[in-house]
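A.B. asks: The chain contents come next:
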Amino acid sequence: MILFFSRARSLLRVERSFQEIPKGAIRLRSIRHNSAREMKGWLFFALPAAAALLIPALRGTRLEIVSGPVLQSFATIFLSIVLEAMPFVMLGVFVSSLIQFFVTEEMLARALPKRTGSGLLMASVLGFVFPICECCSVPVMRRLVRKGVPLHVGITFMMAAPIVNPVVLLSTYYAFGGNVAAAAVRAVLGMVGAMVVGLAATKCFSAQEVLLPETASSDGCSCGCGHDRGEVASSCRHEHEHEHGHAHDAARSSGGASTLPRRALSLARGVLEHTGAELFSVGRFLVLGALISSLAQTAFAKDLLTGIGQHQVVSVVVMMLLAFVLSLCSEADAFIARTFVGQFSPGAVMAFILLGPMIDIKNVLMLQEGFRKRFVLFLTVAAFAVCFVLCVAINVARL
Amino acid sequence: MKRLNPDESLWFLILLGYGAYIAYLLGSGDMIYFINPRLNVFMIASASVFFLLACIQLPRLFLSGERRRDRFWMALFALPMLLGVATAPKGLHEDIALNKGIFLGGATGGPTSFLDAPGRKTAPTAKVGKGPAGEKYGGDWESVAPTEDGVFEVDAAHFDSKLRIVEDVPGAFADLKVRIAGFVQRRSGLPDERFFVARMLIVCCAADSTVRGLMVEWPDGGSFAQGEWVEAEGTIILQEFYDDWFLKNVTVPMIRATRVEAIKRPSTIYVYPASGVPEQQH
Numbered sequence: 001m002i003l004f005f006s007r008a009r010s011l012l013r014v015e016r017s018f019q020e021i022p023k024g025a026i027r028l029r030s031i032r033h034n035s036a037r038e039m040k041g042w043l044f045f046a047l048p049a050a051a052a053l054l055i056p057a058l059r060g061t062r063l064e065i066v067s068g069p070v071l072q073s074f075a076t077i078f079l080s081i082v083l084e085a086m087p088f089v090m091l092g093v094f095v096s097s098l099i100q101f102f103v104t105e106e107m108l109a110r111a112l113p114k115r116t117g118s119g120l121l122m123a124s125v126l127g128f129v130f131p132i133c134e135c136c137s138v139p140v141m142r143r144l145v146r147k148g149v150p151l152h153v154g155i156t157f158m159m160a161a162p163i164v165n166p167v168v169l170l171s172t173y174y175a176f177g178g179n180v181a182a183a184a185v186r187a188v189l190g191m192v193g194a195m196v197v198g199l200a201a202t203k204c205f206s207a208q209e210v211l212l213p214e215t216a217s218s219d220g221c222s223c224g225c226g227h228d229r230g231e232v233a234s235s236c237r238h239e240h241e242h243e244h245g246h247a248h249d250a251a252r253s254s255g256g257a258s259t260l261p262r263r264a265l266s267l268a269r270g271v272l273e274h275t276g277a278e279l280f281s282v283g284r285f286l287v288l289g290a291l292i293s294s295l296a297q298t299a300f301a302k303d304l305l306t307g308i309g310q311h312q313v314v315s316v317v318v319m320m321l322l323a324f325v326l327s328l329c330s331e332a333d334a335f336i337a338r339t340f341v342g343q344f345s346p347g348a349v350m351a352f353i354l355l356g357p358m359i360d361i362k363n364v365l366m367l368q369e370g371f372r373k374r375f376v377l378f379l380t381v382a383a384f385a386v387c388f389v390l391c392v393a394i395n396v397a398r399l
Numbered sequence: 001m002k003r004l005n006p007d008e009s010l011w012f013l014i015l016l017g018y019g020a021y022i023a024y025l026l027g028s029g030d031m032i033y034f035i036n037p038r039l040n041v042f043m044i045a046s047a048s049v050f051f052l053l054a055c056i057q058l059p060r061l062f063l064s065g066e067r068r069r070d071r072f073w074m075a076l077f078a079l080p081m082l083l084g085v086a087t088a089p090k091g092l093h094e095d096i097a098l099n100k101g102i103f104l105g106g107a108t109g110g111p112t113s114f115l116d117a118p119g120r121k122t123a124p125t126a127k128v129g130k131g132p133a134g135e136k137y138g139g140d141w142e143s144v145a146p147t148e149d150g151v152f153e154v155d156a157a158h159f160d161s162k163l164r165i166v167e168d169v170p171g172a173f174a175d176l177k178v179r180i181a182g183f184v185q186r187r188s189g190l191p192d193e194r195f196f197v198a199r200m201l202i203v204c205c206a207a208d209s210t211v212r213g214l215m216v217e218w219p220d221g222g223s224f225a226q227g228e229w230v231e232a233e234g235t236i237i238l239q240e241f242y243d244d245w246f247l248k249n250v251t252v253p254m255i256r257a258t259r260v261e262a263i264k265r266p267s268t269i270y271v272y273p274a275s276g277v278p279e280q281q282h
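For the protein sequence lines, the chains are A and B, in the order given.
Mapping the first sequence onto our numbering, position 132 (from 1) lands on 132, and the numbers just tick up by one.
Mapping the second sequence onto our numbering, position 12 (from 1) lands on 12, and the numbers just tick up by one.
Careful, some of the hints might be misleading.
[As the list claims (entries may be wrong)] Computed beta-carbon distance windows for the label pairs:
id: 1; chain 1: A; residue 1: Val-313; chain 2: B; residue 2: Ala-20; range: 46 to 52 Å
id: 2; chain 1: A; residue 1: Phe-300; chain 2: B; residue 2: Asn-249; range: 27 to 33 Å
id: 3; chain 1: B; residue 1: Gly-189; chain 2: A; residue 2: Glu-209; range: 49 to 55 Å
id: 4; chain 1: A; residue 1: Leu-98; chain 2: B; residue 2: Pro-37; range: 26 to 32 Å
[Claimed, not checked] Partial list, derived from the structure: chain B residues whose beta carbon lies under 8 Å from chain A:
id: 5; residue: Ala-45
id: 6; residue: Val-49
id: 7; residue: Phe-51
id: 8; residue: Ile-56
id: 9; residue: Gly-84
id: 10; residue: Lys-90
id: 11; residue: Gly-91
id: 12; residue: Ile-96
id: 13; residue: Ala-206
id: 14; residue: Thr-235
id: 15; residue: Leu-238
id: 16; residue: Gln-239
id: 17; residue: Phe-241
Because the hints were derived from the structure by calculation, they are not lab data.
Even glycine gets a Cβ: it sits at the ideal position worked out from N, Cα and C.
The shape of chain A in the complex, shown without the other chains (with noise of 0.2 Å):
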């Protein structure tokens, strides 16, 4: 495990140093490496994948190395976290490549207010109509500050859509017994929290400082054509067949003699090879998180917080950390919060569920993929700041 962690540290490492080196030193620095790196990616693709052939096959015999109620549940959680997810994931994936083909900077431009105060309220609203939980929201976000959404606007609506879905509305309804005041106050409490978040962000960075460039794997084209580094979002308008049969925006083009059906089954190609490559550079950090998640959930006993429920500021400290490792879905988090209703403050079993589809673990490593470091730092520690103020707030006025 130690060795997987380390492993994805120095591979973060590398992929930013490829996008700040130019081309033509990253060339020969992977060829000198090339043969090494063959070597341990395969090596760390066999291990995994002999483990799956072998473990079977032992089963049942004196050489059986994996049972036992700690793997069979750690596995369990974490395979239903991943499985939970991956719709979801794959939603918001395919959201963002409609985003990177169909929407321009310009239609944006048009539909956005221009002040600051009616952006964020939009923004912190726009979860009402547009449903998506926490794993959707990133590279739904993702995409629409790369189209050049206003970074406050993309921060809020990443942060309060989760919240404010009626799908999750409605589970915290039902989760509290039919406590309309509980969903209520997640909902507003939610938005107010996002728009500080959004704020706060907007003051300290531009859209251009946080952003990554684009990568291969991710937002750009993954055909390796040799003009996915940023080009693709804003400038990859030209019509061209690959020797793999792949159009970038040939129906967006237009022109020329294909036809209308042509043009149309290219274009879905085109967003579904888009969609495959988005799916591989978050889905991967989505594993991670569920990883972490899942061992935390495995090792973790509930009773070494016997005693502390009840204290107004240490209690919601707990809280918001559980819910940023646990990584629970924002549709399921309040029926968790309810077992600790009584046993914890009020402030804190708000602050489970507000921190939670904010930032969690899956998040921040997801944002790591299109964001820079510094940022989604700033973004974790603003989270946190505002649900423990807003909480304690809670606790102090006896709500």
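Dock chain B against chain A, hints included.
C.D. replies: For chain B alone, coordinates are given in the frame of chain A:
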């Protein structure tokens, strides 16, 4: 003859593998160990998209040039599927319930917060039919908590909703005969003869599971191990406990058992939340 691009081929296999694995889980019925069946439609969509993306990936299998994806990340992406194939998990084990802990299920009688369910704001000993608690359930618990042969059965299909009613208005169930089946869940601070008979409540997926159950008092309770499956029958009484979470006394509905016997573990230990009140059974 064109050479296969190893990385594009791996990505193709991963997409195909995920689609096939999800389809297998759905087809074999094993998906129930991971996801609430009401979400199966999303799983079908997920498998379909994986297959579709695998088809789209086909023309890229012979793509020449630099590889575009790192194999470490591809291995990580494939890890859940490979782990699933290797370990073939059959759901959460009862031992994980110890990590999750269990709420006593009582009412503190102390100050309530805006998060408390409307029913819980009433006095824990209120009788149904009198006051707001009774009105909430139509004034007659028999209509919402039907009994069979005079026994109120907390069955798997209505496990959560029936427990919720008992927790909301425990006074209404005092002296009522009750039957419940589940696994033995120990809680720190309780003597051996007092334990919970519980099940795992799944809302969306196994990761969000919580332990739900009723406390049982049985003189020979020490003979049952944590996680062992039992069926308990007895009478509900209201008992006051010092709760180390609340740091004060709470009133808890507890079954004073007249019979507790070991039963066979069911194929799944999960129950799911039912909306509203349980359906009429007769």
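A.B. asks: Taking the hints in turn, state whether each one holds.
C.D. replies: Hints, verified against the model:
no., hint, in the structure
1, A:Val-313 x B:Ala-20: 46 to 52 Å, "50 Å, holds"
2, A:Phe-300 x B:Asn-249: 27 to 33 Å, "28 Å, holds"
3, B:Gly-189 x A:Glu-209: 49 to 55 Å, "53 Å, holds"
4, A:Leu-98 x B:Pro-37: 26 to 32 Å, "30 Å, holds"
5, Ala-45, "5 Å, holds"
6, Val-49, "5 Å, holds"
7, Phe-51, "12 Å, violated"
8, Ile-56, "5 Å, holds"
9, Gly-84, "5 Å, holds"
10, Lys-90, "7 Å, holds"
11, Gly-91, "6 Å, holds"
12, Ile-96, "4 Å, holds"
13, Ala-206, "4 Å, holds"
14, Thr-235, "25 Å, violated"
15, Leu-238, "17 Å, violated"
16, Gln-239, "17 Å, violated"
17, Phe-241, "13 Å, violated"
In this structure, the hints that do not hold are numbers 7, 14, 15, 16, 17, in rising order.
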